[in-house]
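Protein chains: 2
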Amino acid sequence: MEISKMGERKLVELAKRVFKTPRSVKVGIGDDGAVISLGKHELVVTTDMLASGTDFPSGTTPFHMGWKAVVANLSDLAAMGARPLGILFSLGLPGTLEREFVEELLRGMKRSAEEHGTCVIGGDFGESPEVTICGTAVGKIEDGKALKRSGAKPGDLLAITGEPGCAAAGLEILNLKMKGHRKLVESFLKPRARLREGVILARRGWATSAIDVSDGLIRDMWNLSRGSGVKLVLEREKIPVSPALLRLTSKLGRSAWDFVLYGGEDFELIFTVSPRRWDDVERMLGKLGTKVSVVGRVEKGRGVFLQEDGKTMRVRDFGYEHFTHG
Amino acid sequence: MEISKMGERKLVELAKRVFKTPRSVKVGIGDDGAVISLGKHELVVTTDMLASGTDFPSGTTPFHMGWKAVVANLSDLAAMGARPLGILFSLGLPGTLEREFVEELLRGMKRSAEEHGTCVIGGDFGESPEVTICGTAVGKIEDGKALKRSGAKPGDLLAITGEPGCAAAGLEILNLKMKGHRKLVESFLKPRARLREGVILARRGWATSAIDVSDGLIRDMWNLSRGSGVKLVLEREKIPVSPALLRLTSKLGRSAWDFVLYGGEDFELIFTVSPRRWDDVERMLGKLGTKVSVVGRVEKGRGVFLQEDGKTMRVRDFGYEHFTHG
Chain Z
227 MEISKMGERK
237 LVELAKRVFK
247 TPRSVKVGIG
257 DDGAVISLGK
267 HELVVTTDML
277 ASGTDFPSGT
287 TPFHMGWKAV
297 VANLSDLAAM
307 GARPLGILFS
317 LGLPGTLERE
327 FVEELLRGMK
337 RSAEEHGTCV
347 IGGDFGESPE
357 VTICGTAVGK
367 IEDGKALKRS
377 GAKPGDLLAI
387 TGEPGCAAAG
397 LEILNLKMKG
407 HRKLVESFLK
417 PRARLREGVI
427 LARRGWATSA
437 IDVSDGLIRD
447 MWNLSRGSGV
457 KLVLEREKIP
467 VSPALLRLTS
477 KLGRSAWDFV
487 LYGGEDFELI
497 FTVSPRRWDD
507 VERMLGKLGT
517 KVSVVGRVEK
527 GRGVFLQEDG
537 KTMRVRDFGY
547 EHFTHG
Chain Y
227 MEISKMGERK
237 LVELAKRVFK
247 TPRSVKVGIG
257 DDGAVISLGK
267 HELVVTTDML
277 ASGTDFPSGT
287 TPFHMGWKAV
297 VANLSDLAAM
307 GARPLGILFS
317 LGLPGTLERE
327 FVEELLRGMK
337 RSAEEHGTCV
347 IGGDFGESPE
357 VTICGTAVGK
367 IEDGKALKRS
377 GAKPGDLLAI
387 TGEPGCAAAG
397 LEILNLKMKG
407 HRKLVESFLK
417 PRARLREGVI
427 LARRGWATSA
437 IDVSDGLIRD
447 MWNLSRGSGV
457 KLVLEREKIP
467 VSPALLRLTS
477 KLGRSAWDFV
487 LYGGEDFELI
497 FTVSPRRWDD
507 VERMLGKLGT
517 KVSVVGRVEK
527 GRGVFLQEDG
537 KTMRVRDFGY
547 EHFTHG
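Taken in order, these protein sequences are the chains called Z and Y.
According to our numbering, the stretch in the first sequence is residues 227 to 552, in order.
According to our numbering, the stretch in the second sequence is residues 227 to 552, in order.
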């Protein structure tokens with residue numbers, strides 16, 4: 227069978243069968259990163275590959291490619307609650323690229339790493355038919371335990387940082403070559419990883435599970451639901467929708483929900499938390515200036531459900547057009 | 227300027243200028259891997275990208291691709307004297323690949339990791355026009371310090387494990403579709419990383435510098451010479467040449483030296499060691515059954531020199547046709 231027909235999830239299942247995770251590795255294939263015990267330390271290592279053909283719309287500047295590649299990797303650390311120790315890159319580059327292109331790409335990485343309080347500490351160059359940026363982020367769990375996709379329990383609240391859908395809206399603006407809407411475009415071109423938020427959620431042991439929104443709210447809720455073996459109910463009226471996004475969609479005559487529910491690359495965190503911890507979470511993340519919202523709940527069962535006007539319906543897990551992003 | 231005209235070395239210099247290495251990172255861009263301090267532990271992280279178009283001759287089986295990708299990454303740990311904690315992979319795959327291909331690729335990785343006493347602990351799938359294997363190896367310095375490319379001192383001996391050139395000879399046999407010469411073909415298709423040797427050289431603080439032979443003896447001596455700011459003199463009559471390689475080259479009517487001096491992917495270690503430590507090194511590596519030879523010496527100055535029949539001449543650092551392998 228061609229792997230394009232299998233999709234990423236089946237590939238990950240294949241990899242899980244072939245590799246078996248040893249006991250010294252606390253989280254293996256299928257989560258945002260691998261956790262390694264080293265004395266009393268917990269290390270988190272993640273890897274993520276972005277390619278110009280599939281992950282960057284045409285016209286993305288090399289600076290923004292570099293920026294986003296760093297964020298995609300750091301966001302996996304954020305989802306596990308790790309503080310970054312450094313990032314490495316393997317860059318696959320066509321030989322016909324100009325030196326200035328590479329320099330801007332590296333500058334984008336450097337700036338993004340710095341703004342997230344870390345740095346690029348190593349890497350490797352290779353030749354490739356398209357620009358391929360393979361990143362590795364290494365992080366450390368300060369204290370507490372690494373957050374995983376597993377761990378959500380019936381009775382927990384489902385919560386999210388920020389306002390999902392803005393990055394996808396920014397992409398749409400670029401595709402339509404519209405003027406203005408700078409904030410939305412920025413959230414697509416220069417997203418942030420929620421590192422400080424993740425560290426708080428892990429350190430206090432408050433969150434029971436977490437994942438970052440790289441593939442879209444619904445899709446990543448499916449990943450969380452599978453990881454924890456629970457049913458996730460998303461309550462539509464509780465989802466925060468950015469006023470900037472509403473202005474755009476009303477101008478376009480489109481529904482904001484396409485962006486909110488299915489738009490990827492926001493790099494917000496979806497997490498689950500016991501109700502008695504909610505006030506603490508809201509207060510501590512509020513101190514960072516981070517908006518955080520309860521958007522639903524965890525129940526016994528399986529799958530992702532959307533609740534609206536008192537009715538609850540199951541939401542399909544759409545296949546991956548490209549099998550990118552673990 | 228097109229980067230194909232710059233070559234890998236200038237790209238690495240560009241990266242060094244753009245990124246600055248912070249104090250918590252002991253070795254940064256330009257060595258085989260990055261060293262991170264974590265409490266009293268020293269962690270080594272390396273990354274390496276292999277692509278089907280440039281790094282694997284056509285007809286390489288997916289099993290052997292997987293095997294070699296693991297070895298290329300572990301060899302960077304070996305060159306720094308680190309014991310592996312685990313490997314992660316980002317795989318870029320064309321959507322038209324068959325599932326069986328991917329399964330064999332993963333099996334090659336698994337088997338290779340196991341034979342080196344480690345395992346694959348995580349990864350990510352993405353779509354790519356050619357098979358792209360980006361690996362990340364994480365290792366730990368047991369005690370002692372990470373071996374670096376810097377550290378060779380005038381007066382040190384220059385030494386090498388094994389017999390260089392066998393992997394390149396194996397490739398030639400495959401290219402010429404010759405029968406037999408199984409051992410040489412094996413050293414190309416299923417090379418080993420010198421992990422136990424590297425750990426010994428680092429733990430005892432015996433080696434003053436080290437590098438693995440991925441790009442060829444001369445080329446990697448240049449990398450070591452630059453890293454340490456010293457002159458390296460290779461004495462031709464001391465270089466061990468495999469009898470299997472001599473049988474092949476006499477059959478082909480070619481010189482064995484092309485393979486020995488310029489053949490890559492042997493994954494042997496080149497290292498420098500103080501003369502008063504040599505007997506210890508020879509004894510300890512001998513206990514592992516590893517052949518180890520003094521092949522030259524370190525002098526004040528710069529560059530790589532070949533000594534033969536009492537004459538010493540400077541050897542050019544050939545450019546990289548492909549800018550692969552850091």
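Keep in mind that a hint or two might mislead.
Identical chains share a label here; the pair holds if one copy fits it or two copies do between them.
To be verified - Pairs of lysine-lysine, DSBU-like flavour, derived with a Cα cap of 35 angstroms:
id: 1; residue 1: Lys403; residue 2: Lys379
id: 2; residue 1: Lys266; residue 2: Lys405
id: 3; residue 1: Lys403; residue 2: Lys366
id: 4; residue 1: Lys336; residue 2: Lys379
id: 5; residue 1: Lys231; residue 2: Lys336
id: 6; residue 1: Lys477; residue 2: Lys266
Derived by calculation from the structure, the hints in this document are not laboratory data.
- Message: I want to check one pair: Lys231 and Lys336. Are their C-alpha atoms no more than 35 angstroms apart within a copy, between two copies, both, or neither?
- Response: Cα proximity of Lys231 and Lys336: across copies only (24 angstroms, versus 37 angstroms in one copy).
- Query: Taking 35 angstroms as the upper bound on the Cα-Cα distance, should Lys336 and Lys379 be classified as within, between, both, or neither?
  - Reply: between (39 angstroms within a copy, 33 angstroms between copies)
- Task: Could you figure out if Lys403 and Lys366 sit no more than 35 angstroms apart (CA to CA) within one copy, between two copies, both or neither?
- Result: neither (41 angstroms within a copy, 50 angstroms between copies)
- Query: For the identical chains here, do Lys266 and Lys405 meet the 35 angstroms Cα criterion within one copy, between copies, both, or neither?
  - Reply: neither (52 angstroms within a copy, 53 angstroms between copies)
- State whether the alpha carbon distance between Lys403 and Lys379 is at most 35 angstroms within one copy, between copies, both, or neither. Neither, since 44 angstroms and 60 angstroms both go past 35 angstroms.
- Message: When Cα atoms must be at most 35 angstroms apart, do Lys477 and Lys266 count as within-copy, between-copy, both, or neither?
- Response: neither (54 angstroms within a copy, 58 angstroms between copies)
Of the hints listed earlier, those the structure fails to meet are numbers 1, 2, 3, 6, in rising order.
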